[in-house]
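For chain A, the structure is supplied; the task is to place chain B with the ligand on it using the hints.
Chains as they are written, first to last, in this note's numbering: chain A, 1 to 143; chain B, 144 to 581.
In short, the hints are calculated from the structure, not lab data. A hint or two may mislead.
[To be verified] To be clear about the criterion: a stretch of chain A counts as covered by chain B if any three or more of its residues have a C-beta under 8 Å from a C-beta of chain B, and this derived list gives those stretches: (1) 2-13; (2) 42-53; (3) 117-127.
Positions of the beta carbon are idealized from the N, C-alpha and C atoms, including for glycine.
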Amino acid sequence: MFVTQISVFLENSPGRLAEFTKLLKDSNIDLVSLSIGDTTDFGIIRAVMSDTEKAMKVITEAGYTARLNDVLAAEVPDCPGGLDSVVQTLSASGISIEYLYSFVRSEGKNAVIIFRVQELEKGAAVLEKSGVHILTNEEVRSL
Amino acid sequence: MENMIWNPRMECMSRDEIHEVQSERLRAVVRRVYENVPFYRNKMQELGVSPMDIQSIDDIDKLPFTTKQDLRDNYPFGMFAVPLSQITRVHASSGTTGKPCVAGYTSGDIDRWAENMARSMTCAGITKQDVVHVAYGYGLFTGGLGAHYGAERIGASVIPVSGGNTQRQIQLLQDFHATAIACTPSYALNLAENIAAAGIKKGELSLKYGVFGAEPWSEGMRERIEDMLGIIALDVYGLTEIQGPGVAMECPVKNGLHVWEDHFYVETIGKDDKPQAYGEQGDVTFTTLTKQGMPLLRYRTHDLATLDAAPCSCGRTHVRMSRITGRTDDMLIIRGVNVFPSQVEFALTRVPGITPNYQLIIDRVGTLDTMEVQVELAPEGMEDTVRGLENLTRRIEEQLASSVLVHCKVKLCQPGSLPRSEGKAKRIIDLRKDKKNI
Ligand SMILES: [Zn+2]
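Next comes chain A alone, as it looks inside the complex (with noise of 0.2 Å):
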C-alpha cells in the first residue's frame, strides 16, 4: 500500500551532496526518485531506491544518518492538472501534505507523485475513492 522511502541527513556545506551521490553511484545503487528539502544548515535527502536494503545499508555504513519511512506513490496522467486533482482531493479531505516530489520513468507513461502526508491511511483511502492509483513498492520498482 505505501512505499518505503529513505530520509538521509546531508550538512549544507560544499561537497556533501557530491560525496553522497558517488557513493550511490559506487556502490550501484538505483534510484527511483530523489529530492531534497533544505535549510541554510542542512538538507535532507528522500530517495525511492529500486533495493530499500542495499541502499540503507550501503548508507548507514558509510556513516550517514537515515531513515525509512513510509509514503504515498500515487499515479496520475503525465498532462497538466494531472498533479492538481490529486492535490485538490488531498486538501478538500483536510489532509496536508508534508512535501511531494514527482517522477515519471519511461516517456509516454503516467507519473508517479510521491506525497508525504500526516494521515497515510487516510490519504490513501481518499486518493482511492477518487480512482487515484496506489502504487506499492512492488509496482514502483518495477516501474
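Using the frame of chain A, we list chain B with the ligand on its own:
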C-alpha cells in the same frame, strides 16, 4: 593623581597595618566558619588544623582550599555561616553544570559591598556630582546591583538602565547627561559603535568615566573604547562567590587592580598548590576576611594573574593584581556570562536523538560574542521533514537555555564530522582570539 580616595584610612594604610588587620580578621573568620559551616569544620579536621593554629595571615597556607565543586556539593545554602533569617540577599552565577553558584549576603555584607564599590568607583574618578548610567544586568547577576549600590553610596545620581535595548540606552545617555557608565567592556564597545553609527559625536555626550568588568578585556579594547567614547575606561574585578564587582579595581595609573585587602586576602597559587611569590603567575585565590553570610577560605577562582605589592603612585597601598591573563580551567566568558563546556554537555545528554559529540564555536560578530553548538544527529533523531529536524534543534536550544545562561545557536551535523572525545581543547573553537579587539 587628582582623583579622590573614598576611604584613605583603609586604602592607604601601611603594609604592616594591612598585615595586622588581615591577621585579626582571618582569626575571626576561621573561628566563624569552623563553628558554623560543617564543610569547613570537616575539612580542617581532616587537615588536623584547629582555629587556634591560625594566629596571623602568615598561617593562611595551613587552611584548606575551596573549589567550585565544593560550592556545588553544598548547593544551595550549605556554605552559609549564618541562619537564613540573617541572609538578606541571594545572588547566583552559572555553575559548571546545571546548578548555579549561590552566594548569600547579610545586610552587613551588602553594606561592605557598597563600600567596596564606592571605593572602586571613586578610584575611577566618580563623585557625588556624577550621573552614573548602570547598564549591567540587574538580577541574580551581581553586576547591576553591585554598581548601583556603590554609586548610590557615593551619592551620585544612579540611572538603573540594566542591559539591552541599545537605542534606548543611547537616548538616555543623551537626555540624562550621564557622566559615568558601568557595564561589560564588550557592551561598552557595542554602545560606542552604535553611537558612532548614529552620527553622534563624542563631544555631544557628557561621559567621562567608564567602569567595566565581568569579563576579561585587553589594552587594545580599552584604547578603542576610550577613543570612541572620549572617556577613561578602567577595569573592575569581582565574582559572585566572593562578593560581586568591587573585589579589586584598577586605578588611573593603569598598572593593575588594587585588591581591597582589608576585605579580601589574595594569593596566586602555583601548579604545586603553593602560594607563589609576588610577580609569579598563579591561580588567583581569595579568602573573604569580613563576609558574614558566606565567608570562603582560599577560594580558587581559576583566573590567572600576577600580584604586585610595590607602592602605587595613586597613593593606595593595597596589592595590585594584573589583568587576568587566562584561565586554569575551560571556563568561557560569553557576553559577561560564565559558560562551562560541562554545562553544554549536561544539556545535550538530556535531549534524545543526538550523539554525545559536540563542538562549540565562539565568535564575535561586531562587538557581541556568539556561541554556536554543533551536535551530531543520531539515527533515532532523524526525521524526513525539515520541520521535524527544526523541532529537534529547538528542543536542544531550549535545553541549553536552561543550563547555559546565554543564547546558543544549535547546528546539526553529520555523525563523524565532529572531533571525538580525545582532547577537550578541540571541542572549543574560540575565533574571538584572532580578532583584533580582544
Ligand atoms: Zn593605584
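Okay, the hints, checked on the actual structure:
no., hint, result
1, 2-13, "holds (count 5)"
2, 42-53, "holds (count 3)"
3, 117-127, "violated (count 0)"
Hint compliance for this structure: hint 3 alone is broken.
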